[in-house]
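Work out the full structure: start from the sequences and follow the hints.
2 protein chains.
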Amino acid sequence: MRAEAPYTPPMMHVADRLLSAVQRCGAPLCVGLDPVVGKLPAALQTLGATKPASAIESFSLAVLAACVRVAPVVKIQSACYERYGVDGMKALAATLESAREHGYEVILDAKRGDIGISAEHYAAAAFEAARADWVTVNAYLGADGLAPFVKHDHGAFALVRTSNPGGDALQSLRLSDGRSVAEAVADLVADAGKAALGGAGYSSLGAVVGATKPADAARLRGRMPHTLFLVPGYGAQGGGIADIKPCFNADGRGAIITASRSIIYAFTNDDDDWAGSIRRAAETTHHELAEGLRA
Amino acid sequence: MRAEAPYTPPMMHVADRLLSAVQRCGAPLCVGLDPVVGKLPAALQTLGATKPASAIESFSLAVLAACVRVAPVVKIQSACYERYGVDGMKALAATLESAREHGYEVILDAKRGDIGISAEHYAAAAFEAARADWVTVNAYLGADGLAPFVKHDHGAFALVRTSNPGGDALQSLRLSDGRSVAEAVADLVADAGKAALGGAGYSSLGAVVGATKPADAARLRGRMPHTLFLVPGYGAQGGGIADIKPCFNADGRGAIITASRSIIYAFTNDDDDWAGSIRRAAETTHHELAEGLRA
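Chains as they are written, first to last, in our numbering: chain A, 1 to 295; chain B, 1001 to 1295.
Keep in mind that the hints are not guaranteed to be accurate.
[Claimed, not checked] From chain A, some residues computed to sit far from chain B (all C-beta separations above 12 angstroms):
{"no.": "1", "residue": "11"}
{"no.": "2", "residue": "50"}
{"no.": "3", "residue": "98"}
{"no.": "4", "residue": "174"}
{"no.": "5", "residue": "226"}
{"no.": "6", "residue": "242"}
{"no.": "7", "residue": "294"}
[Stated by the list, open to error] Residues on chain B that point at chain A, a partial pick, calculated with CB under 10 angstroms:
{"no.": "8", "residue": "1077"}
{"no.": "9", "residue": "1081"}
{"no.": "10", "residue": "1082"}
{"no.": "11", "residue": "1084"}
{"no.": "12", "residue": "1112"}
{"no.": "13", "residue": "1118"}
{"no.": "14", "residue": "1122"}
{"no.": "15", "residue": "1165"}
{"no.": "16", "residue": "1174"}
{"no.": "17", "residue": "1177"}
{"no.": "18", "residue": "1292"}
{"no.": "19", "residue": "1293"}
Hint data in this document are derived by calculation from the structure and do not stem from the laboratory. From the three backbone atoms N, C-alpha and C, an ideal C-beta is built for every residue, glycine too.
Shown next as structure tokens:
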């Protein structure tokens, strides 16, 4: 008898997979996992003092378990782990593995950006070593620096408009053709992503667009109709429902909203049920988004 | 008898330290360490097939030993190691340690860039975990994203003008005030670096300026008189002595020239003395720079 190759279903396009996860969950909520030792629950502070990487790993796994089925997507801030060197990278690997096992769509927030072969190495780091679904990238080096990240089964979110005060210094500058620098980056991203559209019409090259600049967001949405927006700055950074609405297309799709501090630090110092508090904060945000975006 | 605190000499400003290392060595040569398994010497290929991170570590240590006292500075491409996950980070840590022990000024080429506390985490990753002297960063997020990297005893090189073909798409765009986007980034970098000048008049915030655009380099040199230039693209990427001259100030200082592939892969397939070939290529480049820049 001839051995047959095991059946492998074809891999779904990464943008279709993300949208389908959002639809299943009922809200486009992404939990931003930015663990910092000084902000951990009291129960983890002792461990944090001697083994910081172990403490943020324990906390990360607890947050992932707490938010299951309330947030379809998790964005993991690489810097928080990298600062602890090899131990931190082990903690990051364990966090990524747990996120995959829970079924999250996983965004590695690493803001990588380089040229040629170095960009290919970073893509291998994100998708082969870390096995993330998405990675955040910087577009300053142009389209050849973006190409290695943009495929069928994994993708990237390129920084277009950031939510920090200093972001204006460069991103708001006006070009001689009337566009802002951020709008020029948006056009570059829209163009570079054209070749990688999924079945729902969205590209595997997305854009990071801060929630604190709603007027900018509306203009950027118009320039990038086929681009998924990853929107940080909801909640703690000051962005509300009205601020994020312009990030969506008319069909109610096209944006993923990240809340970080308002969820992962939603406990008080003496909170014995800190994981429960995180869960409830995620549920509240899920409800806010589901209701607010329907209205 | 009262125990006295051991004497610690005050830490030298990072830009002064770099210039002093260049002066001692006689040429502003930086070896770019971008190890790729497929390009390793035949002797390391077997190891590379099963343990790629170990193979690039062995190669890295050999390159560092080969170039001692010919190159005062080494630029280590983080992506080449990151692609192998935790094993790669161990190889990177060993490479960084060896570079420090040999007395190189160490640039971690990681092109990091983020906002607020995340930028602080990346600075901790580069200077506390990796213990590099310098790290390359991306300025798209503005001055608040650069500040954590710019100190007295360590510094950063911000991407201003890259040597890749796609870099023009954004960096050459013309603003309504007549500047190019790269020139606007240069002004931002010059301004953000002002507060961190060393004794020789150079800032601990430097700039990456590709060697393949000499006309741009001359204009950027004028806009950033107190900024050290890190210049990739010499040798294999096509830049020659005439291309890099505009990167220096009139006093003959102010730029570090990186050669990567033309040095670290300067051996043939059946080369038994591949480390010797690397050494000789570094010596040739040192001589070219020392002679060419004097003329």
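Results for each hint:
no. : hint : result
1   : 11   : holds (21 angstroms)
2   : 50   : holds (16 angstroms)
3   : 98   : holds (16 angstroms)
4   : 174  : violated (5 angstroms)
5   : 226  : holds (19 angstroms)
6   : 242  : holds (23 angstroms)
7   : 294  : holds (31 angstroms)
8   : 1077 : holds (6 angstroms)
9   : 1081 : holds (9 angstroms)
10  : 1082 : holds (4 angstroms)
11  : 1084 : holds (6 angstroms)
12  : 1112 : holds (7 angstroms)
13  : 1118 : holds (5 angstroms)
14  : 1122 : holds (5 angstroms)
15  : 1165 : holds (6 angstroms)
16  : 1174 : holds (5 angstroms)
17  : 1177 : holds (8 angstroms)
18  : 1292 : violated (25 angstroms)
19  : 1293 : violated (26 angstroms)
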